[in-house]
Amino acid sequence: MDELDETQLKNHVDSLKQQLQFNREKTSVSIPELIKWIEEKMNEDPFLNPDILKENPWVESSKCVIA
Amino acid sequence: MGEMEQLRKEAESLKDEITAARKAVQDLTLQDHVAGTAVVGRVQLKTRKTLRGHLSKIYAVHWGDSKLCVSASQDGKLIVWDSYTTNKVHAIPLKSSWVMTCAYAPSGNMVACGGLDNMCSIYNLKGKDGNVKVMRELAAHTGYLSCCRFLNDNEIITSSGDCTCVLWDIETGSQKTVFAGHLGDCMSLGVAPDFNTFISGACDFTAKLWDIRDGQCRQTFGGHESDINAIGFFPNGNAVITGSDDASCKLYDLRSDQELITYQDSGIMCGVTSLAPSFSGRLILAGYDDFNCNIWDSLKAERVGVLSGHDNRVSCIGVTPDGMACCTGSWDSFLKIWN
Numbered sequence: 001m002d003e004l005d006e007t008q009l010k011n012h013v014d015s016l017k018q019q020l021q022f023n024r025e026k027t028s029v030s031i032p033e034l035i036k037w038i039e040e041k042m043n044e045d046p047f048l049n050p051d052i053l054k055e056n057p058w059v060e061s062s063k064c065v066i067a
Numbered sequence: 001m002g003e004m005e006q007l008r009k010e011a012e013s014l015k016d017e018i019t020a021a022r023k024a025v026q027d028l029t030l031q032d033h034v035a036g037t038a039v040v041g042r043v044q045l046k047t048r049k050t051l052r053g054h055l056s057k058i059y060a061v062h063w064g065d066s067k068l069c070v071s072a073s074q075d076g077k078l079i080v081w082d083s084y085t086t087n088k089v090h091a092i093p094l095k096s097s098w099v100m101t102c103a104y105a106p107s108g109n110m111v112a113c114g115g116l117d118n119m120c121s122i123y124n125l126k127g128k129d130g131n132v133k134v135m136r137e138l139a140a141h142t143g144y145l146s147c148c149r150f151l152n153d154n155e156i157i158t159s160s161g162d163c164t165c166v167l168w169d170i171e172t173g174s175q176k177t178v179f180a181g182h183l184g185d186c187m188s189l190g191v192a193p194d195f196n197t198f199i200s201g202a203c204d205f206t207a208k209l210w211d212i213r214d215g216q217c218r219q220t221f222g223g224h225e226s227d228i229n230a231i232g233f234f235p236n237g238n239a240v241i242t243g244s245d246d247a248s249c250k251l252y253d254l255r256s257d258q259e260l261i262t263y264q265d266s267g268i269m270c271g272v273t274s275l276a277p278s279f280s281g282r283l284i285l286a287g288y289d290d291f292n293c294n295i296w297d298s299l300k301a302e303r304v305g306v307l308s309g310h311d312n313r314v315s316c317i318g319v320t321p322d323g324m325a326c327c328t329g330s331w332d333s334f335l336k337i338w339n
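Residue numbers (UniProt numbering), protein chains in the order written: chain A, 1 to 67; chain B, 1 to 339.
Some hints could be false.
Calculated lysine-lysine pairs in the DSS-like style (CA-CA distance at most 25 Å, straight line) [what the hints assert, rightly or not]:
1) A:K26 to B:K23
2) A:K41 to B:K46
3) B:K67 to A:K41
4) B:K15 to A:K26
5) B:K88 to B:K67
6) B:K95 to B:K128
7) B:K126 to A:K17
8) B:K23 to B:K9
9) B:K300 to B:K46
10) A:K54 to B:K46
11) B:K49 to B:K23
12) A:K54 to B:K67
13) B:K23 to B:K300
By construction, these hints were calculated from the structure, which means they are not laboratory data.
Pulled out of the complex, with its shape left as it was, chain B reads as follows:
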């Protein structure tokens, strides 16, 4: 048997062992445990603000705190919004208009973006003369930048169409760690609430949990039947939610290393583009290609609400850190604040 054939057989055998190990700890299902729990009542969120100003499709939005958010559009602009007043705090022109992602640093001092230029550009919002300038261009990916998230003012994690994720040192512009293992474009990433791990969703239909410091993939979650476009941690850091082109979202439990439940409906036939849990995690808000956002009861897997109001695909969604509102961004060029 050739070396390659032997390795392939070994891989298949290990996957079977992992499946068996997961089954061995499955002595209760989520459905069993919540059989007696009532579905939450209908959730009706209203549009409180519409943020107007982008001239083209919005691809990403990220909250900095519970008031300010940054959005990225293929009109070639990053806009930082005061969501209470709808004022534009900053309107940052980009070198490349093919932007696919943006992020706000937890400190509020910086924002980042990237896309088909294969780079992650970091902007300093608190420069001495008040002008927002490019602080660093992180270049090394050989594919598009699909997502980026700051750990702090000096470290950022990126995911790319080149199938890898990278942890960067912003000061030196160098790659500290490359997270390789996905067999398809990485589409989305999320950082754990304790900043020790992150998760990535990819076009190989899997989600991976990575240890930020040692670079190892700790867990891989399958089950989706198409690309994973969106991923997020559950607020307590012990579960992961994914959204896919297969029209479903899934909840994976990190501690038992397995899928707990799927959020799908025979009436939904289009891909999930984005998702975010509510403050308690009891609700999951998911944006879809059919211009709507569905609100799911995460424990009972039933739809309990819908956000309708956009005239095109909902491409991005985010809930404020204090859970008080969510923001949706759309290809119709508007952002809406709901609660």
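This is chain A alone, in the form it adopts within the complex:
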């Protein structure tokens, strides 16, 4: 903060005033909702649900055939 000039320092203080105003949610609300979102999506997460990667676009599913 020592390198800031007066204008920059004023802006810094103004920004902090604005950030203080942020409407903070209680963690007892935000954390369970975050976890619920994750747990619901885990079933669709290819790295956690091996069934999804049964059709794997990066793996050749059959041997090459010369017709």
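Got chain A; can you put chain B on it based on the hints?
Same frame as chain A, now just chain B:
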């Protein structure tokens, strides 16, 4: 008391008030809530493809969709890859080989890159004659370009070593908004899934959340003890993950405005270079200076897997939009696709 001294005192007092406001809403910790949750089982991802063609260190990779990705190397090339076949769709020679970042537009029509030339160069992939040409050079930053991300075909956000981020109008080449406030080089940025906000990580050890339209910094997150090199939104847009030279990653909750958990291990002593969440966010993949990529259980903060196979630093990582694979890029000049 001088004006400057008064302002400094005011700043310190405001920071204390913010700390208190955060504490006041902390009636539950993440650890409390997941005490009864089991750690996910060991995650073993295999290399499915190796993308060979760059002749020097790879600095950045970005997925366009779930098949095509663009990579940037200090061999002076941007390569657009079809990751299914490993074919090079485009190999674009750059004016400046000192590239540090690249991005694919969501439309698939353009790519961008930049680095020590302090500029962001936009390339049109869908030109009439099939040749890929520079469409615009966005110049105004007074420091290196560390990261860039398209909002759409006409707007891109850049982060720079000059401590600012900028929103550009690509058509006119002008700066629409300058996001100033970081006290150190901006190293990385991420755009929210709803495109209304973006986050930046910097060498002042903080991450900032910015409102794209009004240019204001809404939130600042501290706690890291060194430069933040990598940053990303959690898939639901309500949390942010950061990776730092202090060898840790952190998860910050946007709604309660605070750090929830740190991903670190006494055995890891090198910096985090890159990170990406899996589709659900339950896993965080993080690239490190020690050539590995660790996979973390984001809720239990335990390591559940490792991607090893590169012969040098993992500099960049990205997960496809559909979560089906991740791509790592390395100073060993190769990209690897894993799932």
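A quick look at each hint next to the structure:
1. A:K26 to B:K23: Holds - the C-alpha atoms of B:K23 and A:K26 are around 10 Å apart, at most 25 Å.
2. A:K41 to B:K46: holds (22 Å)
3. B:K67 to A:K41: holds (22 Å)
4. B:K15 to A:K26: With a Cα-Cα distance of about 19 Å, the restraint between B:K15 and A:K26 holds, given a limit of 25 Å.
5. B:K88 to B:K67: Measuring from Cα to Cα gives roughly 12 Å; hence the hint holds.
6. B:K95 to B:K128: holds (22 Å)
7. B:K126 to A:K17: violated (46 Å)
8. B:K23 to B:K9: Holds - the C-alpha atoms of B:K9 and B:K23 are around 21 Å apart, at most 25 Å.
9. B:K300 to B:K46: Cα-Cα ~23 Å, so holds.
10. A:K54 to B:K46: holds (14 Å)
11. B:K49 to B:K23: Given pair B:K49, B:K23 is violated - Cα atoms ~47 Å apart, limit 25 Å.
12. A:K54 to B:K67: holds (17 Å)
13. B:K23 to B:K300: holds (22 Å)
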